[in-house]
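One-letter residues, chain by chain:
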Amino acid sequence: MDPTSNDQPGRMLAARRRAALGKGALAAVAVAVFAVGMLATRSTASGHSRHSATPLTAPRQFANTVRQTSLQSGSIAPPQSAPPQASTSQS
Amino acid sequence: MGCDVRVAGATAAQARRIRALFDRHERRFSRFVDCSELNAVNAGAGRAIRVSRTFADMLELSLWAARETGGLVDPTIGSALRAAGYDRDFEDGLDRPEPPAPAVTGCWHRIEARDQLLRVPAGVELDLNGVVKSRAVDEALACLSGEGWISAGGDVAARGAVDVELPGGEAVRLEAGGLATSGRGRRTWRRGGRHQHHLIDPLTGRPSRTRWQQVTVSGATCLDADVAAKAAFLLGDEGPDWLDERGLPGRFLCADDRAVTNRSWRRSLERALVCT
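Quick note, the sequences are listed as chains D and H, same order.
All residue numbers for the first sequence refer to my numbering, where the first residue is 1 and numbers rise by one.
All residue numbers for the second sequence refer to my numbering, where the first residue is 1 and numbers rise by one.
Hints are not guaranteed to be accurate.
What the hints assert, rightly or not - To give an idea of the interface, some chain D residues facing chain H are shown, with a C-beta separation under 7 angstroms as derived from the structure:
#: 1; residue: A28
#: 2; residue: A40
#: 3; residue: T41
#: 4; residue: S43
#: 5; residue: T44
#: 6; residue: S75
#: 7; residue: S89
Keep in mind the hints are simulated off the structure, nothing from the lab.
By construction, the Cβ of each residue, glycine as well, lies at the ideal position given by its N, Cα and C atoms.
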């Protein structure tokens, strides 16, 4: 008997296994590429929202800075000495 | 800066430092000192140039003042002042028969500044005197180690209480912060037969035609007071309410020497009486 004809079914089975493995790998790579592409699109495309919507309010740090740098009042009272020591005329 | 500086409560060394401070600011920010940094910046309008840290800080304050006052205290009035005839020191005489020329103002939002790099739009001239003197007064006060006060041409800052004489008579006790007066009382000249002064209305590019003669405001700092006084002066009839909206006490002197005070001014004095 020819030994090669006895090995034929075994070789066919091995070839089918390798083909199935290759198809599975290709499918996994395709799914992975699709997922990565979709995530990249979601995170960079301007039309996609990355975060849930929040109310429009100024950040606390900004609001504090604005408050600190606004014009602030001084403290005045009726005079207690005569004549006054200093003078304010036009600048 | 074209005014007398009076100092109380300073040691001899502190007085020297304060004098040097005003001299430095005069050399850097005057339009009438040929080699001033301000003139160099104006000569370089339209190009990006690098300025000193001090100049960048002062410009930032000027832009802050413009934002706080909706553009009334405008650092881009240099050409308007020159067009109105304020093109040399007062001692040299400013009266001229020709009328004032048109001028460009209101360009403060077009200034590009990033750290010490600055670009002023072509054709725009800066004048930072809307903040320089009052800021110098605040800086001078910081030179004092104890109680005292600094007074420079209408701008007063004090640490500890001081009684201050107001325009047109009366007085008030400044307990904390600064007191500044802006107006057209002393610095006036004539162009084309009309009175001119240094407080430019950015809407017209001409000296303001407000009914106030002088406006005095109390602020947390002399800079606050000065910026608010200039804005209130330029706002005319709306000045008292504008100050009230910000809780700033203001006193307005009319042309007939009648004084009008806003609600915050009266409330401050009444509250002080109740407390004593």
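Here is what the structure says about each hint:
1. A28: Violated. Min distance 50 angstroms.
2. A40: This interface hint is violated because 32 angstroms lies over the 7 angstroms limit.
3. T41: violated, 34 angstroms
4. S43: This interface hint is violated because 29 angstroms lies over the 7 angstroms limit.
5. T44: violated, 27 angstroms
6. S75: holds, 4 angstroms
7. S89: holds, 5 angstroms
Comparing the model with each earlier hint shows violations of hints 1, 2, 3, 4, 5; every other hint is respected.
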